[in-house]
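Participant: Listed here are the chains, written in short residue letters.
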Amino acid sequence: MTIEDIEKEIIDEFDLFGEDWEAKYEHLIDLGKSLPLINPEYKTEENIIKGCQSRVWLFSELINDKMIYTADADAIITKGMVAVLIRVLSNQKPEDIIKAKLEFIDVIGLKEHLSPTRANGLVSMITKMKTDALAFIK
Amino acid sequence: MIDQNNIREQFPILNQKVNGYNLIYFDNGATSQKPISVIERISDYYKHSNSNIHRGVHSLSRHATDLFEKSRHTIASYFNINNPQQFIFTGGTTDSINMVAQGLAKNYFKPGDEIILSTYEHHSNILPWQLWAQENGGKLKIIPLNNDQTLDYNSLPNLITKKTKLIAVTHVSNTLGLISDIEKIKTEATKHNIPVLVDGAQSAPHMAIDLKKLDVDFFVCSAHKMYGPTGIGLLYLSEKWLNHLALSKTGGGIIKSVSFEKTEYVEGALKFEPGTPHIAGAVAFGEAINFINRISIEKIFEIENELVQYAQEKLNELPEIMMYGKNTHKAGVISFNVKNQHPFDVGTLLDKYGIAVRTGHHCTQPLMQHLNIQGTVRISFAVYNTKNEIDFFIEKLKKVITMLS
Ligand SMILES: Cc1ncc(COP(=O)(O)O)c(C=O)c1O
Chain A
1 MTIEDIEKEI IDEFDLFGED WEAKYEHLID LGKSLPLINP EYKTEENIIK
51 GCQSRVWLFS ELINDKMIYT ADADAIITKG MVAVLIRVLS NQKPEDIIKA
101 KLEFIDVIGL KEHLSPTRAN GLVSMITKMK TDALAFIK
Chain B
1 MIDQNNIREQ FPILNQKVNG YNLIYFDNGA TSQKPISVIE RISDYYKHSN
51 SNIHRGVHSL SRHATDLFEK SRHTIASYFN INNPQQFIFT GGTTDSINMV
101 AQGLAKNYFK PGDEIILSTY EHHSNILPWQ LWAQENGGKL KIIPLNNDQT
151 LDYNSLPNLI TKKTKLIAVT HVSNTLGLIS DIEKIKTEAT KHNIPVLVDG
201 AQSAPHMAID LKKLDVDFFV CSAHKMYGPT GIGLLYLSEK WLNHLALSKT
251 GGGIIKSVSF EKTEYVEGAL KFEPGTPHIA GAVAFGEAIN FINRISIEKI
301 FEIENELVQY AQEKLNELPE IMMYGKNTHK AGVISFNVKN QHPFDVGTLL
351 DKYGIAVRTG HHCTQPLMQH LNIQGTVRIS FAVYNTKNEI DFFIEKLKKV
401 ITMLS
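Heads up: the protein sequence lines correspond to chains A and B, in order. Position one of the first sequence corresponds to residue 1 (our numbering), numbered consecutively onward. Position one of the second sequence corresponds to residue 1 (our numbering), numbered consecutively onward.
So that you can see chain A by itself, here it is in the shape it has in the complex (with noise of 0.2 Å):
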């Protein structure tokens, strides 16, 4: 699946809630649980995503031609934000990944959740997810 094909199908997950914004964060909070958790071995100071608030690991790595990333959080709320972004990047040619406008972000109501302010890492997180693509492109 492409990247617009994984944020359709997310899209369409969150929808079944409507605005009910409490069975949406429980879905998160269950989308979390499901994190390819990043190898305990790389899960060092030097992986840490800088948030202000709560901590993100993150690895990225090449493998056949695809990005693969594997992650960790220390809030849940976050853990569930990394996984849908992994769900997402994982697996998809660093070439598309740079590319990759993530407007499902905005259109799930989890918006709120890239506000600088939000201090969560999140916004940070997406861009070491571009930068480590970028890295690999020749």
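Because the hints were derived from the structure by calculation, they are not lab data. Each residue gets a CB set at the ideal place from its N, CA and C atoms; glycine is no exception. One thing to keep in mind: the hints can contain errors.
Here are the simulated distance ranges between beta carbons [as the list claims (entries may be wrong)]:
no.	chain 1	residue 1	chain 2	residue 2	range
1	B	V18	A	G18	18 to 24 Å
2	B	T230	A	E61	52 to 58 Å
3	A	D74	B	K163	38 to 44 Å
4	B	K249	A	P40	47 to 53 Å
5	A	S34	B	V18	27 to 33 Å
6	A	E103	B	D3	46 to 52 Å
7	B	E135	A	L16	55 to 61 Å
8	B	Q16	A	L62	30 to 36 Å
9	B	G252	A	E103	50 to 56 Å
10	A	E13	B	T230	50 to 56 Å
11	A	T44	B	S77	56 to 62 Å
12	A	P40	B	K213	35 to 41 Å
13	A	K101	B	K387	33 to 39 Å
Go by the hints and put chain B with the ligand onto chain A.
Facilitator: Using the frame of chain A, we list chain B with the ligand on its own:
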């Protein structure tokens, strides 16, 4: 009898919905909301009185100068000091502390000197001293905490040496709400002739402060945490330091005469207020003090203390809650965590219910390191908060705990 509705009506911002719920503002430790009298004071100032101060011969300038200096008077009597000149208008607590640190660095600290701080300190009362210490081979010594998270005053005699040049402590911990016993610190300091600086950012909004009685050398606070505007605060200097603190900034409006070789400065507070100050802010700060005086700070403490006791009682009923510094004397602030949950998650979900709390380290990372935690959820009250709001908060907190577990 104080009518709570009457108080709330004076704060237009409280009358709004956030995420579909009535706003509950429990982040007063970060900044308080402003009553209509303060808001209108600012706009009235610009509508009717705006002019530069201490310079013009014209009527409007005299009027603005009068308002500015009247505010200084109001503030001085609020803190029970006869000489208003001892109160310098600054940009806020952080600015005030930096002015003291830079001033003392010029003609008082010697390389290798020591400064005593407490474990509670806000970064604003650490970094200016740390910067000086790093540049001058100085040393910071820290008053540790007892098991109940109160300050260990008994450690003071051991911390003080011949090189101790200042004790700088917070009056109320912005993270825990615990009140420091300044008298005890002052007594020990006086024995060794060591000046004391009190960071009153979190005490001035909540409790009566008699600076004559407290008798410290420096006291600092911010208007924006006391129903006043942002960008304005105070540096109180004892009579001695008013004459001795070296200037850290200089410029127009504070001189008797200037030639390129030599400058003769004015006396008093003005000397420390070069350039055009935040006149509207200073005037509105006085209006904020008027607001406090109409209720009385003693009554405000009583109202907030009742809220703190009530909230602590309710929080204690929840087995999932860990409270910090829970059994002691507090001013307006409660810090807690939900066991096994990140404060960020708790704060994010409470916000969805229109409840504004603060989460994180609250600019007190050394205290977090001492408590061995990443952060806390902090609720902090002002005079307009109510028990009904606490009930709603507790109800939603229970919901949040279920969602997260
Ligand atoms: C104890 C304490 N000191 C200093 C400050 C800094 O105040 P300001 O940001 O107004 O300079 C704060 C504000 O958060 C505080 O709580």
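Participant: Looking back at the numbered hints, which does the structure fail to meet, lowest number first?
Facilitator: Checked against the structure, the hints that fail are numbers 2, 8, 10, 12 and 13, while the rest are satisfied.
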